[in-house]
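Put together the whole structure using the sequences plus the hints.
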Amino acid sequence: MKNPAGFTSMTEMTEIADMETIPGESNNQLALTTPEAQPIKRRKKKSMVWEYFTIENVSAGCRRAYCKRCKQSFAYSTGSKVAGTSHLKRHIAKGTCRALLRGQGQDNNQFITPYNPKMGGSEPPKRRYRSPSSPFIPFDQDRCRHEIARMIIMHEYPLHIVEHPGFIAFVQSLQPQFDKMSFNTVQGDCVATYLREKQSLMKFIEGIPGRFCLTLDMWSSNQTLGYVFITGHFVDSDWKLHRWVFNVVMEPYPDSHSALSHAIAACISDWSLEGKLFCLTFNHPLSEAGLENLRPLLCVKNPLILNGQLLIRNCIARTMSSMAKDVLGAGQEIIKKIRDSVKYVKMSESHDDKFIQVKNQLQVPSEKSLFLDNQTRWNTTYQMLAAASELKEVFDCLDTYDPDYKLAPSMEDWKLAETLCSFLKPLFDAASILTTTTLPTVITFFYEVWKIHVDLGRSITSEDPFISNLAKSMQEKIDKYWKDCSLVLAMAVVMDPRFKMKLVEFSFTKIYSEDAPTYIKTVDDGIHELFLEYVALPLPLTPTYAEEVNGANNGKTNESHYGNLLSDHGLTDFDVYIMETNSQQMKSELDQYLEESLLPRVQEFDVLGWWKLNKMKYPTLSKMARDILSIPVSAAAPESIFDITDKQLDEYRSSLRPETVEALICAKDWLHFGSSDVSNALVKMEF
Numbered sequence: 001m002k003n004p005a006g007f008t009s010m011t012e013m014t015e016i017a018d019m020e021t022i023p024g025e026s027n028n029q030l031a032l033t034t035p036e037a038q039p040i041k042r043r044k045k046k047s048m049v050w051e052y053f054t055i056e057n058v059s060a061g062c063r064r065a066y067c068k069r070c071k072q073s074f075a076y077s078t079g080s081k082v083a084g085t086s087h088l089k090r091h092i093a094k095g096t097c098r099a100l101l102r103g104q105g106q107d108n109n110q111f112i113t114p115y116n117p118k119m120g121g122s123e124p125p126k127r128r129y130r131s132p133s134s135p136f137i138p139f140d141q142d143r144c145r146h147e148i149a150r151m152i153i154m155h156e157y158p159l160h161i162v163e164h165p166g167f168i169a170f171v172q173s174l175q176p177q178f179d180k181m182s183f184n185t186v187q188g189d190c191v192a193t194y195l196r197e198k199q200s201l202m203k204f205i206e207g208i209p210g211r212f213c214l215t216l217d218m219w220s221s222n223q224t225l226g227y228v229f230i231t232g233h234f235v236d237s238d239w240k241l242h243r244w245v246f247n248v249v250m251e252p253y254p255d256s257h258s259a260l261s262h263a264i265a266a267c268i269s270d271w272s273l274e275g276k277l278f279c280l281t282f283n284h285p286l287s288e289a290g291l292e293n294l295r296p297l298l299c300v301k302n303p304l305i306l307n308g309q310l311l312i313r314n315c316i317a318r319t320m321s322s323m324a325k326d327v328l329g330a331g332q333e334i335i336k337k338i339r340d341s342v343k344y345v346k347m348s349e350s351h352d353d354k355f356i357q358v359k360n361q362l363q364v365p366s367e368k369s370l371f372l373d374n375q376t377r378w379n380t381t382y383q384m385l386a387a388a389s390e391l392k393e394v395f396d397c398l399d400t401y402d403p404d405y406k407l408a409p410s411m412e413d414w415k416l417a418e419t420l421c422s423f424l425k426p427l428f429d430a431a432s433i434l435t436t437t438t439l440p441t442v443i444t445f446f447y448e449v450w451k452i453h454v455d456l457g458r459s460i461t462s463e464d465p466f467i468s469n470l471a472k473s474m475q476e477k478i479d480k481y482w483k484d485c486s487l488v489l490a491m492a493v494v495m496d497p498r499f500k501m502k503l504v505e506f507s508f509t510k511i512y513s514e515d516a517p518t519y520i521k522t523v524d525d526g527i528h529e530l531f532l533e534y535v536a537l538p539l540p541l542t543p544t545y546a547e548e549v550n551g552a553n554n555g556k557t558n559e560s561h562y563g564n565l566l567s568d569h570g571l572t573d574f575d576v577y578i579m580e581t582n583s584q585q586m587k588s589e590l591d592q593y594l595e596e597s598l599l600p601r602v603q604e605f606d607v608l609g610w611w612k613l614n615k616m617k618y619p620t621l622s623k624m625a626r627d628i629l630s631i632p633v634s635a636a637a638p639e640s641i642f643d644i645t646d647k648q649l650d651e652y653r654s655s656l657r658p659e660t661v662e663a664l665i666c667a668k669d670w671l672h673f674g675s676s677d678v679s680n681a682l683v684k685m686e687f
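Under full-length UniProt numbering, the first residue of the sequence shown is numbered 1, with each subsequent residue one higher.
These are computed hints drawn from the structure, not numbers from a lab. Glycine included, each C-beta is placed from N, C-alpha and C at the ideal position. Keep in mind that the hints are not guaranteed to be accurate.
Claimed, not checked - Computed Cβ-Cβ distance ranges for the label pairs, DEER-style:
no. : residue 1 : residue 2 : range
1   : G207      : P176      : 45 to 51 Å
2   : H160      : Y512      : 55 to 61 Å
3   : H160      : C62       : 54 to 60 Å
4   : L362      : E333      : 23 to 29 Å
5   : L195      : T78       : 55 to 61 Å
6   : E418      : T376      : 21 to 27 Å
7   : Y512      : Y618      : 25 to 31 Å
8   : M501      : D396      : 48 to 54 Å
9   : M151      : G207      : 30 to 36 Å
10  : Q375      : T461      : 30 to 36 Å
11  : G275      : S322      : 32 to 38 Å
12  : S220      : K480      : 21 to 27 Å
So, in structure tokens, the structure goes:
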């Protein structure tokens with residue numbers, strides 16, 4: 001039975017819609033090409049089959065459709081008779097085209113939604129067609145493999161996920177043509193991604209004009225193997241500070257004196273850093289034997305800046321964590337009492353409701369919420385104590401509303417908890433700076449360490465033996481850090497035009513009293529000696545500097561009437577004079593900087609940006625400032641700043657090859673941060 005338009009079936013109507021039609025006419029009318037017909041503008045074909053087929057004229061009045069993949073031809077039109085597109089769709093969807101389906105012979109129908117009776121419903125399979133607004137995207141196996149490798153790297157999924165039945169079923173539901181991947185295949189893809197990213201990073205650091213600082217963090221594993229995480233810190237040609245993981249080196253004997261020396265040598269060789277090291281920061285203090293083992297390597301591979309005084313640094317994050325452990329150990333009994341009280345409230349919804357009810361009735365102004373601490377991270381214990389201390393009135397009255405609560409700490413307990421918080425708060429405030437998205441400069445921690453040092457000095461004089469003894473224990477550790485690192489911290493402050501030597505003089509007077517002039521002179525002599533080393537041993541030209549020099553040379557004019565004056569024979573005596581006075585002129589660059597007035601002290605100041613603007617005024621001093629301001633004060637990753645236990649590689653990654661472990665960890669760091677600027681140019685300081 002024909003419908004009103006004269007067609008016998010819906011299939012015929014559909015095929016007509018796939019063919020060329022005359023603009024403005026109904027979709028039910030054919031535009032037939034005849035010798036007598038005038039040239040007309042034809043509507044664009046909308047069927048998705050035309051992404052796989054082309055139409056070619058075979059003879060007069062005869063056209064055939066050719067598959068772009070396998071080159072097989074099909075009837076399309078003869079005279080006024082048009083064959084339609086159903087047979088073309090079958091060629092693509094039913095597995096006939098082996099080139100398209102990669103010879104698998106599977107029924108990967110891209111046009112028919114399969115019907116599964118187990119999923120319920122009574123609807124038969126429906127034919128669906130691509131709308132003009134949703135273009136067809138051909139399947140690309142290689143791209144899918146690349147994206148799976150990136151997914152595994154960025155989210156730390158196990159490599160074996162590609163063999164898990166659930167993952168396979170999920171992927172097959174999205175794209176039946178996707179080939180199953182093995183562990184070895186995805187491992188190779190992840191390593192390939194790592195190598196591509198590494199090549200880009202190596203090309204980038206080739207143009208770095210300054211030196212590099214390295215931090216080393218030793219991780220353990222359940223196999224007694226050590227993994228040294230080596231992170232590079234440097235300032236690029238645009239004066240932006242970068243922090244990238246360079247290497248993860250497996251050390252079979254992590255307790256040996258040569259373990260770190262081997263890891264550093266591997267990093268220097270891998271990234272061509274010979275002669276470019278400026279500072280090393282270790283997460284754990286080196287033993288004397290380890291230090292002696294390291295110095296010869298550094299003497300051979302790298303010129304010792306300032307006689308090596310800047311090469312060995314301790315990690316401020318580990319120092320503060322060790323001090324925090326002293327506080328938690330001294331107050332472990334009261335901490336347990338408060339933790340049990342918090343646990344009683346938070347482990348039951350009814351108890352929590354009663355606690356909030358009492359708080360509202362007492363009108364306690366605190367906005368802090370109770371939570372249980374993570375005993376491997378000292379900041380959570382501090383925050384638990386601080387929140388509980390502000391809500392102590394609620395705990396004191398809770399037993400009147402909840403007779404089952406019998407854990408209320410005494411007034412002496414709360415007083416002790418507040419004392420613990422007073423010791424932990426300066427550490428927490430300083431360590432929190434290290435967790436921010438923009439890395440802090442070494443300038444900030446000169447003030448933070450000095451402030452902690454001064455506060456502990458006052459606490460030692462307390463008449464309370466608990467406070468005095470705890471302060472002494474903490475000050476021993478901060479004194480050691482200050483002794484090892486105060487020169488580096490002070491030099492960084494001098495490179496800040498808001499402070500220069502003035503803040504050093506002020507701070508040292510508070511700490512050393514009458515001995516302050518001796519320590520101030522040490523810093524002043526050190527900064528001048530370092531400057532002379534930069535004058536005498538400038539860095540070799542990097543590609544970045546070479547471009548600048550070439551650009552300047554391109555601006556020179558050809559020899560003119562000045563040629564005789566500027567020739568080798570014209571001012572020979574002048575050249576000798578320049579060589580004799582050059583050293584004195586370069587020293588005056590530092591002195592001029594120090595003698596100029598301080599800039600206004602604002603809380604947020606782009607210190608690297610200031611040196612970028614003034615590098616022409618201070619060409620040598622700016623190079624020195626670039627290197628000093630890139631010194632990292634912490635070797636720990638931001639997420640590990642508050643850890644009080646050593647980091648351990650998980651069991652799964654420990655089972656992988658060392659090369660794969662390095663590829664996964666480094667590539668994740670580069671994929672997350674490689675495309676974004678990581679800068680600590682804004683230095684916030686409050687006085």
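Evaluated hints:
1. Judged by the Cβ atoms, the range 45 to 51 Å given for G207 and P176 holds: they are separated by roughly 47 Å.
2. Between H160 and Y512, the C-beta spacing of about 59 Å keeps the proposed range 55 to 61 Å intact.
3. For the pair H160 and C62, the beta carbons lie near 57 Å from each other, so the given range of 54 to 60 Å is met.
4. Distance hint check for L362 and E333: the Cβ-Cβ separation is about 27 Å, which falls inside the suggested range of 23 to 29 Å.
5. For the hinted restraint 55 to 61 Å between L195 and T78, the CB-CB distance of approximately 56 Å keeps it satisfied.
6. Between E418 and T376 the beta carbons are some 24 Å apart, a value that agrees with the proposed interval 21 to 27 Å.
7. Against the hinted window of 25 to 31 Å, the Cβ-Cβ separation of Y512 and Y618 comes to about 30 Å, which satisfies the hint.
8. Between M501 and D396 the beta carbons are some 53 Å apart, a value that agrees with the proposed interval 48 to 54 Å.
9. The given range of 30 to 36 Å is respected by M151 and G207, whose C-beta atoms sit roughly 31 Å from each other.
10. A C-beta distance of roughly 32 Å is found between Q375 and T461, which places it inside the suggested range of 30 to 36 Å.
11. About 34 Å separates the C-beta atoms of G275 and S322, a value consistent with the hinted range of 32 to 38 Å.
12. S220 and K480 have their C-beta atoms about 24 Å apart, which keeps the hinted 21 to 27 Å range intact.
No hint from the list above goes unmet by this structure.
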